[in-house]
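2 protein chains.
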Amino acid sequence: MIHNFTIDHQLNHRTIRKFKDQPLTDEQLQTLLEVARQTSSSEFLQQMTIIRVTDPQKRAAIRAVSTQPYVGAEGELLMFITDLHRNELIRHHQGNLDDRRIEKTEMFLQAYEDTVLAVQNVLNAAESMGLGGVILGSIQNEPAKIIKTLNLPKHTFPTLGLQLGVPDQKPQLKPRLPLDKIVFENEYQDIDPASLKDYDQIVNTYYDLRDANRRIDTFTDQVNGPKLNGTPQVRDQIAQALHDQKLCLDL
Amino acid sequence: MIHNFTIDHQLNHRTIRKFKDQPLTDEQLQTLLEVARQTSSSEFLQQMTIIRVTDPQKRAAIRAVSTQPYVGAEGELLMFITDLHRNELIRHHQGNLDDRRIEKTEMFLQAYEDTVLAVQNVLNAAESMGLGGVILGSIQNEPAKIIKTLNLPKHTFPTLGLQLGVPDQKPQLKPRLPLDKIVFENEYQDIDPASLKDYDQIVNTYYDLRDANRRIDTFTDQVNGPKLNGTPQVRDQIAQALHDQKLCLDL
Numbered sequence: 001m002i003h004n005f006t007i008d009h010q011l012n013h014r015t016i017r018k019f020k021d022q023p024l025t026d027e028q029l030q031t032l033l034e035v036a037r038q039t040s041s042s043e044f045l046q047q048m049t050i051i052r053v054t055d056p057q058k059r060a061a062i063r064a065v066s067t068q069p070y071v072g073a074e075g076e077l078l079m080f081i082t083d084l085h086r087n088e089l090i091r092h093h094q095g096n097l098d099d100r101r102i103e104k105t106e107m108f109l110q111a112y113e114d115t116v117l118a119v120q121n122v123l124n125a126a127e128s129m130g131l132g133g134v135i136l137g138s139i140q141n142e143p144a145k146i147i148k149t150l151n152l153p154k155h156t157f158p159t160l161g162l163q164l165g166v167p168d169q170k171p172q173l174k175p176r177l178p179l180d181k182i183v184f185e186n187e188y189q190d191i192d193p194a195s196l197k198d199y200d201q202i203v204n205t206y207y208d209l210r211d212a213n214r215r216i217d218t219f220t221d222q223v224n225g226p227k228l229n230g231t232p233q234v235r236d237q238i239a240q241a242l243h244d245q246k247l248c249l250d251l
Numbered sequence: 001m002i003h004n005f006t007i008d009h010q011l012n013h014r015t016i017r018k019f020k021d022q023p024l025t026d027e028q029l030q031t032l033l034e035v036a037r038q039t040s041s042s043e044f045l046q047q048m049t050i051i052r053v054t055d056p057q058k059r060a061a062i063r064a065v066s067t068q069p070y071v072g073a074e075g076e077l078l079m080f081i082t083d084l085h086r087n088e089l090i091r092h093h094q095g096n097l098d099d100r101r102i103e104k105t106e107m108f109l110q111a112y113e114d115t116v117l118a119v120q121n122v123l124n125a126a127e128s129m130g131l132g133g134v135i136l137g138s139i140q141n142e143p144a145k146i147i148k149t150l151n152l153p154k155h156t157f158p159t160l161g162l163q164l165g166v167p168d169q170k171p172q173l174k175p176r177l178p179l180d181k182i183v184f185e186n187e188y189q190d191i192d193p194a195s196l197k198d199y200d201q202i203v204n205t206y207y208d209l210r211d212a213n214r215r216i217d218t219f220t221d222q223v224n225g226p227k228l229n230g231t232p233q234v235r236d237q238i239a240q241a242l243h244d245q246k247l248c249l250d251l
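These protein sequence lines map, in sequence, to chains W and B. Note that the first sequence covers residues 1 to 251 in UniProt numbering. Note that the second sequence covers residues 1 to 251 in UniProt numbering.
Next comes chain W alone, as it looks inside the complex:
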């Protein structure tokens, strides 16, 4: 294994959900935003916007959507928005009123990719400063409420939140699927689910030792659980929310 400052942080990545009541410095925040700005952008279209949420009421509204008590409590809260609207404004300014491409799935995914890439880039930068963070997929539980809270126009979509701060916990490293279950050469291969027994035992031990959480579980038990059942869930709103935002209209 190669080791350097960057890679050592990456291999030791833990999600941090509990932060000290200590804000980021202006210099830290500015640096993180510059890193976001320098992230790769597909076809140079730069279809990503960040909304920094400092208003306690808005933070509470986002917390209510995410249903996680730590969301918007301590730490910096950055909302990463897939943004096809900015380029639409530029086109309209030139009298170019044909927006149909913006409303196609392929453009949405392209912009979504830009946005998610920026999230990971900023998280890596934050961890390199000794900060910790949690990526908030839970902001998509009810996209319409986030859209209203952040006053997002059509052709934008709330993608991921990123909460960052000075860590106030030291969680253990979460054991991931072995590489031979997730990396293949030249073509896809079905794994044999029975071969996950050893990994399940490792995950079980991880949960057994973890502080402040009594759940004893395995990976395959989680996958087999209700998480992936077809029963209606609040997040089913995402499909409609995309169409309401005039995105993916060809799907």
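Some hints here could point you the wrong way.
Unchecked claim - Restricting the straight-line Cα-Cα distance to at most 30 Å, the calculated cross-link-like pairs of lysine-lysine (BS3-like) are: (1) Lys197(B) <-> Lys154(W); (2) Lys246(B) <-> Lys145(B); (3) Lys170(B) <-> Lys148(B); (4) Lys181(W) <-> Lys148(B); (5) Lys154(B) <-> Lys181(W); (6) Lys145(B) <-> Lys181(W); (7) Lys246(W) <-> Lys154(B); (8) Lys227(B) <-> Lys18(B); (9) Lys18(B) <-> Lys170(B); (10) Lys197(W) <-> Lys154(B); (11) Lys246(B) <-> Lys197(W); (12) Lys246(B) <-> Lys227(W); (13) Lys145(B) <-> Lys18(B); (14) Lys154(W) <-> Lys170(B); (15) Lys145(B) <-> Lys20(B); (16) Lys181(B) <-> Lys170(B); (17) Lys174(W) <-> Lys18(W); (18) Lys227(B) <-> Lys170(B); (19) Lys227(B) <-> Lys246(W); (20) Lys197(W) <-> Lys170(W); (21) Lys154(W) <-> Lys174(B); (22) Lys181(B) <-> Lys148(W).
For the record, the hints were derived by calculation from the structure and aren't laboratory data.
Dock chain B against chain W, hints included.
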């Protein structure tokens, strides 16, 4: 601005498309795959798979889809796959045959996010080793061909390629939109397109000075150009390809 080894690499990120004819070492490759493995995963579902493409015929097939001559030429070619199929296998193994959630947009986006996060994490690790890379959105030009080339099952989707290697070019840093056009506080704000004049001039100068490329262009000219017109494009296949893969069926 805060400077450290990680951030300095991030702020100096250039896309590298030309690589020396020099393979990655096994140690480099293994480290990069370990970094991918340790990337954040939504709800611990680990819905990402990497296919390393070494077969010259498959590399040529991917190059043909991307229409970029450098794709699959020199360097390591990793294909990042959104993978909801692996967990389906685990569920079927337990007699759990209800796959409807896997076929919903919300699950697809969750898995897609995991996959894109891993791409950026690996790119950062590669750049920290002195390697360079290019993220290949162009593999989505014709998803059906990539799906066939990599033998991808239903409930998976080719998301991004990442080509990595020893840089054989030194491109200039591409000037990005100023921070005040992409970062806002508490709510979204429309930019004034007329305010992009200075930035357009910077982009124009960048293209003017760039070696080996005669295009003189501005950012707003690119946005106003045919890229975003509604005329049919080959990439319009993405919507159908998602449905063919039994994904986003609620959209």
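Status of each hint after checking the structure:
1. With a C-alpha separation of about 25 Å, the suggested pairing of Lys197(B) with Lys154(W) holds against the 30 Å cut-off.
2. Of the supplied pair hints, the one linking Lys246(B) and Lys145(B) holds, its CA atoms being roughly 16 Å apart against a limit of 30 Å.
3. The hinted pair formed by Lys170(B) and Lys148(B) fails the criterion: a straight-line CA distance of about 35 Å is larger than 30 Å.
4. Between Lys181(W) and Lys148(B) the CA atoms are separated by roughly 21 Å; this keeps the pair inside 30 Å, and the hint holds.
5. For a cut-off of 30 Å, the pair hint linking Lys154(B) to Lys181(W) stands: about 18 Å separates their Cα positions.
6. In summary, the hint linking Lys145(B) to Lys181(W) is supported, as the alpha carbons are separated by about 24 Å, within the 30 Å threshold.
7. Taken as a hint, the Lys246(W) and Lys154(B) pair is honoured in the structure, with Cα atoms around 27 Å apart against an allowance of 30 Å.
8. Between the alpha carbons of Lys227(B) and Lys18(B) the distance comes to roughly 24 Å, so the proposed pair stays at or under 30 Å and holds.
9. As the CA atoms of Lys18(B) and Lys170(B) are separated by approximately 9 Å, the hinted pair is consistent with the 30 Å bound.
10. Pair hint Lys197(W) plus Lys154(B) holds up; C-alpha atoms about 25 Å apart against a cutoff of 30 Å.
11. The suggested pairing of Lys246(B) with Lys197(W) holds, with an alpha-carbon distance near 29 Å, which does not exceed 30 Å.
12. About 19 Å separates the Cα atoms of Lys246(B) and Lys227(W), which keeps this hinted pair within 30 Å; it holds.
13. With a C-alpha separation of about 25 Å, the suggested pairing of Lys145(B) with Lys18(B) holds against the 30 Å cut-off.
14. Taking the CA atoms of Lys154(W) and Lys170(B), the gap is about 39 Å. The hint is violated against a cut of 30 Å.
15. With a CA separation close to 28 Å, the supplied pair Lys145(B) and Lys20(B) stays within the 30 Å bound.
16. For a cut-off of 30 Å, the pair hint linking Lys181(B) to Lys170(B) stands: about 28 Å separates their Cα positions.
17. Annotation: proposed proximity of Lys174(W) to Lys18(W) holds, straight-line Cα distance about 17 Å (limit 30 Å).
18. For the hint pairing Lys227(B) with Lys170(B), the CA-to-CA distance comes to about 27 Å; that is within 30 Å, so the pair holds.
19. Among the hinted pairs, Lys227(B) with Lys246(W) is consistent with the structure: their alpha-carbon atoms are about 19 Å apart, no more than 30 Å.
20. Taken as a hint, the Lys197(W) and Lys170(W) pair is honoured in the structure, with Cα atoms around 28 Å apart against an allowance of 30 Å.
21. The straight-line distance between the Cα atoms of Lys154(W) and Lys174(B) is roughly 29 Å, inside the 30 Å bound, and the hint therefore holds.
22. Annotation: proposed proximity of Lys181(B) to Lys148(W) holds, straight-line Cα distance about 21 Å (limit 30 Å).
In the structure shown, a violation is registered for the earlier hints numbered 3 and 14, in ascending order.
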